[in-house]
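Q: So you can see what is in the structure, the chains are spelled out below.
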Amino acid sequence: MPEVDLLQSVNMALARAMKLNDSVVVLGEDVGVDGGVFRATNGLLEHFGPERVRDTPLSEAGITGLSVGLAAQGLRPVVEIQFMGFIYPAIDQMVNHASRLRNRTRGRLTCPMVLRAPFGGGIHAPEHHSESCEAMFAHIPGLRVVIPSSPKRAYGLLLAAIENPDPVVFLEPKRIYHVQKENVEDDGNALPLDRCFVLREGSDVTLITWGAMNVETLAAADQLAEDGVAAEVIDVATLAPLDTQTILSSVGKTGRCVIVHEAVRTGGFGGEIAARLAEEGLLSLLAPVRRVAGYDTVMPLPRLEHHYMPSVGRILTAAKEVLEYT
Amino acid sequence: MSNMTDHGSLQNLEIVFTGLLGADGKPIGELPDFAGNPKKLIALYRAMVLTRKLDEQAVALQRTGRLGTYASSLGQEAVGVGVAAAMSDNDVFLPSFREQGAQLVRGVSVLEILRYWGGDEQGSCFGGPKQDFPVAIPVASQFSHAAGVALAMKLRNESRAAVVVGGDGSTSKGDFYEALNLAGVWQLPVVFIINNNQWAISVPRKEQTAAKTLAQKAIAVGIAGEQVDGNDVIAVRFVVERALERARTGQGPSLIEALTYRLSDHTTADDATRYRPDEEVSAQWGKEPISRLRTYLSDLGAWTRKDEETLLGDSTAQVDEAVTAYLATPPSEADEMFKYLFESLPPDLEHQRNQVANLSKEKTDARS
Chain A
21 MPEVDLLQSV NMALARAMKL NDSVVVLGED VGVDGGVFRA TNGLLEHFGP ERVRDTPLSE
81 AGITGLSVGL AAQGLRPVVE IQFMGFIYPA IDQMVNHASR LRNRTRGRLT CPMVLRAPFG
141 GGIHAPEHHS ESCEAMFAHI PGLRVVIPSS PKRAYGLLLA AIENPDPVVF LEPKRIYHVQ
201 KENVEDDGNA LPLDRCFVLR EGSDVTLITW GAMNVETLAA ADQLAEDGVA AEVIDVATLA
261 PLDTQTILSS VGKTGRCVIV HEAVRTGGFG GEIAARLAEE GLLSLLAPVR RVAGYDTVMP
321 LPRLEHHYMP SVGRILTAAK EVLEYT
Chain B
534 MSNMTDHGSL QNLEIVFTGL LGADGKPIGE LPDFAGNPKK LIALYRAMVL TRKLDEQAVA
594 LQRTGRLGTY ASSLGQEAVG VGVAAAMSDN DVFLPSFREQ GAQLVRGVSV LEILRYWGGD
654 EQGSCFGGPK QDFPVAIPVA SQFSHAAGVA LAMKLRNESR AAVVVGGDGS TSKGDFYEAL
714 NLAGVWQLPV VFIINNNQWA ISVPRKEQTA AKTLAQKAIA VGIAGEQVDG NDVIAVRFVV
774 ERALERARTG QGPSLIEALT YRLSDHTTAD DATRYRPDEE VSAQWGKEPI SRLRTYLSDL
834 GAWTRKDEET LLGDSTAQVD EAVTAYLATP PSEADEMFKY LFESLPPDLE HQRNQVANLS
894 KEKTDARS
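Those protein sequence lines, which keep their order, are chains A and B. Residue 21 is where the first sequence starts when you use this note's numbering, and the numbers rise one by one after that. Residue 534 is where the second sequence starts when you use this note's numbering, and the numbers rise one by one after that.
Please keep in mind that the hints were generated in silico from the structure rather than gathered at the bench. In this text the structure is predicted, and so the values were computed from the model without any measurement. Certain hints may be false.
Chain A is faced by these chain B residues, among others (derived, beta-carbon under 7 angstroms) [as the list claims (entries may be wrong)]: (1) Gln-655; (2) Pro-667; (3) Pro-671; (4) Ser-674; (5) Leu-688; (6) Asp-708; (7) Leu-715; (8) Pro-879.
Per label pair, the in silico range of CB-to-CB distance [to be verified]: (9) Pro-161/A with Glu-895/B: 21 to 27 angstroms; (10) Gly-640/B with Pro-77/A: 31 to 37 angstroms; (11) Lys-663/B with Phe-106/A: 32 to 38 angstroms.
Away from chain B, derived, C-beta distances all over 12 angstroms, residues of chain A [said to hold, decoys possible]: (12) Leu-65; (13) Gly-222; (14) Ala-250; (15) Leu-305; (16) Leu-321; (17) Thr-337.
Glycine is no exception: its CB is placed at the ideal position from the N, C-alpha and C atoms.
Only chain B is shown next, with the shape it has when bound in the complex (with noise of 0.2 angstroms):
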């Protein structure tokens, strides 16, 4: 039983870090070729301020009543934004609930996650990347959902992947190491990111695991594990597009530990003064992805003072109209609950729908 005993050599214990512009805006390595185009620099860095935009539009909206608990990207941006760049349109994107710049890149629009954060899933219903999951609220289920996204994809010999995105906590829980599991030993199509924002709501990201890096947990399932500075978007989008290729050619899945930091609370519902230091939060500012970005496009020439104010503006009026929309948008009929539960009603569901439409009916009337 010699197979038994022959493990070969483990294979390469070094967890790469690729970090490309400095939190300064000057470059710290090659750039890859498409950073040579400013416009797609321009793109990337657009989707970055509308993303935080949104975010901005979106915590006034709740704090003044009108939006139900939202999760703000501030300073994780990049991330979002440079994962969704690296992807194709007929690739499929599972975010979790801090995703938001991905799904702006991918096509769904403000009024859809305002309208879904604004309680109505509707707003799940993308009019843009139609195969795209909806956020996953529950951490770590989404993994698994990826693996069996890219298991169809492999069992119909589809060139495209899966990409999904998880917090730093979510590598704790036993739901994202099946996956991972699952993933490479079937080789499938799928990229793992992780969103490590240090953070996981109040627990730091040196209590959550012993591990030095969250990528190092790839070895363990035997799959490319790698570290990518998470607020450098053109970093991201290198390495998230280095990944799909592998995954689009049959070279199997990868996982890349974005890191950034969470300059926001957890949520709305949360006040992250209650166990993080401001120090920490203001340190963290001097890095975070959209200045370093713009100082880099400016010092290239390729970004002036009018065209920042052109952006500010434009992404404002962009964001104000969905706002208006939005909150001009009635909610669905009361029995709405009852129309998506299966393909078609069961009779013995009938009653019930009836109920609510009904009392729903003698409110609006009472009303009139």
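Chain A extracted, bound-state conformation (with noise of 0.2 angstroms):
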């Protein structure tokens, strides 16, 4: 069993997708002879061929639509977007096509795609590499959004995204594509996507989070742990459609809730996650729910970027405001 980081699971997937179903193809800019700016497509064109594995010109919003074009006929698009800033063009196809192409001929085309990006902060990137937008994409009636915080769960989900009839907006924390590393069994086997995944069990808080965050939050955790607390830390995996129940039944057990994410604060997707707690889960509540998140500003450029990352310390010092709560 080989033992690869997230980076390379995202890889082993593609070439394991593409080796179960030749209606899989790969596109976006440098995916071919250079493997894609991360690697994440390296080795893919010599395997496949440069029809399965198509370098593009620069053009996000032309190949995603293309994309559309692609899955209506039946084939199995996997685009890459370089980096999140640069995802926005596709935006307009993501939201006016993609995602309502079944809807709108009631099943007659369909659409399954899916559009991947690293995203997020903390690799000391230039302007406009940093983002975090999944909270727009998870707007989206009729898209998924899949976030993979490991090597074996970026591995099983991106199988399952490509394998999903319906179009998957698959994000990859690049942050952490080489910060673990895990083994990771070529099997095939996908993992369930709309689930969200119990990292740790704990009854004391309950800390909620997605991607590179995970690192932080189970840092936080095993703090926690030594003073006592025991945290249960929940990776949400599937951001739309959310698995509430998950969430509801470890808040309805600890009756504390931090929910920590590197997007902006303001309409993040941490504000869904609190109101779905308000709204079913109030009355096992034993103290507000906090967030720990990006701040409302434009994601600094690197010399501020460590100011605005959550860190451990900042989710401590939130679990530490909810169990303060009696």
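Please dock the two separately framed chains into a single complex, following the hints provided.
A: Have a look at this one:
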């Protein structure tokens, strides 16, 4: 069983999906000869040829719309956007077409495509390379928004996304592309979408997060354990459609909840989770729900970036605040 | 690095215009082979008349509160009919929102068109052309879909093509350029049609771009570009057939600018008298596509007054029958809005679906 990091597991899942299904095609800027700017598509061109691994012109809106056409014809395009800051031209196609093709034709045409993009900050990248706009996609009916946070989940969730008969936005936390290695069996087994993953069980407080923030959140849980506090950590993994039940069950048990995300606070997806807790879990809450999020600012350039990113310290402070309520 | 400076010679910069039948119904060029068969021309004529009848009735339905906003194709019937007549059944058509003429020829029913514009998605679940796209409302975003459809065809080595239509305004958008560029670089089997009706709602063609023609935008991306008289259904069919032949035989994509004129308002929600002088419109009535083909057929002796009366009666009856069926079609169940959102409804949405279903049931119960 190979020990791989998150990026390698993405690569492994892409190769496996292409082996399993001839309809899978990979396209994007620099995905061919160069193997992708992060090397997520490394080696695919050699294995599957230029017809199925396609370098495209610089054309985010164009290649996303192109993928809608490919998908409507029964192919399974997996299109890579190089950085999240460049994804905005593709949003029109995802909102107006990909997400609603099935509905607007009452099932006659469908759109089984995956839009992959690395997202998030923390790697000292240039301007427009570090954003987290997952909430924009989670707001769109008909789209799935999936975010892996470990090599195993990246492998299983990407396979699931490619197999899924509907469009999926698959956001890869690039800060942790190389942080953790796991033994990942390249067995073609997908993980379930639309489900949260409980990464750590605990009875005192629920910490909910996704993407790279799982690292800080798990670290915070470790520190809380040293103080005798048992934190439950939930990796949301699929933001939309949301597995509310796992979250409600956990908070039903702990009565306390901190939501952690890198994206800006206002309109961030944490607000949706907090709202659902208020609507459906209020009576089990022993303390107000706290959000630890990016600030409502433009994503700072690298010299201020670390001030923006939620830290273990900020998570601990929020957790201690909610634990103080009796 | 000699290859960096060796551009070779640029391709021919001339934009060819094809017009075969003059506004007076007299041939002004050599007609293509199919035009030698009056039956084929009569089929085009019937389709244009049916389109005009549908538009007429649809506007009347909207004016009486029985149809939603509707975009008539009055005066532009030759574009849609000519384009669709040039296509094979197994090609794929990607229309913008004023292409009901083409849709009818492709086999979309009058009832389906009325259902869509009457506010029911079921109208886009075509019984006829299964792979054709529903109309694109956001301007220009359909062009890249056509490139994708064409790429799928090319990857499967199929001898068929995608045909996509947009308006003159759509050529000002980046999506248009991106799609043409993709099609050019990969030599995709796609034909881009610009239905240039001279007006993008209130903005005239001359304020849309400084380019002398819209067809010349093909030159920048290295594909074929030409103009055609969009009020001459014979010419439209001819040039689109020629472009489709190129597409299907690996000779690459084309851009065809069909020059026509929007005799109607932009949609039923528009009042063109706010921005367009009556004299301009009156002058354009002299060039409209239906009467010129009728004149030509009459001159040939292939069309009589009686034929005309029969056709008008038949077209009216066909549309009226569909209108009756449309008006008698009950709306879908309220929870239909959840049914095709995903292949299977995620548990997260079950509560919302049940809520709308229950509320709708309460309303129904209260009425009965």
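Q: Decide, hint by hint, whether the structure agrees.
A: Hints versus structure:
{"no.": "1", "hint": "Gln-655", "verdict": "holds (5 angstroms)"}
{"no.": "2", "hint": "Pro-667", "verdict": "holds (5 angstroms)"}
{"no.": "3", "hint": "Pro-671", "verdict": "holds (5 angstroms)"}
{"no.": "4", "hint": "Ser-674", "verdict": "holds (6 angstroms)"}
{"no.": "5", "hint": "Leu-688", "verdict": "holds (6 angstroms)"}
{"no.": "6", "hint": "Asp-708", "verdict": "holds (6 angstroms)"}
{"no.": "7", "hint": "Leu-715", "verdict": "holds (5 angstroms)"}
{"no.": "8", "hint": "Pro-879", "verdict": "holds (4 angstroms)"}
{"no.": "9", "hint": "Pro-161/A with Glu-895/B: 21 to 27 angstroms", "verdict": "holds (24 angstroms)"}
{"no.": "10", "hint": "Gly-640/B with Pro-77/A: 31 to 37 angstroms", "verdict": "holds (35 angstroms)"}
{"no.": "11", "hint": "Lys-663/B with Phe-106/A: 32 to 38 angstroms", "verdict": "holds (35 angstroms)"}
{"no.": "12", "hint": "Leu-65", "verdict": "holds (15 angstroms)"}
{"no.": "13", "hint": "Gly-222", "verdict": "holds (25 angstroms)"}
{"no.": "14", "hint": "Ala-250", "verdict": "holds (28 angstroms)"}
{"no.": "15", "hint": "Leu-305", "verdict": "holds (20 angstroms)"}
{"no.": "16", "hint": "Leu-321", "verdict": "holds (27 angstroms)"}
{"no.": "17", "hint": "Thr-337", "verdict": "holds (31 angstroms)"}
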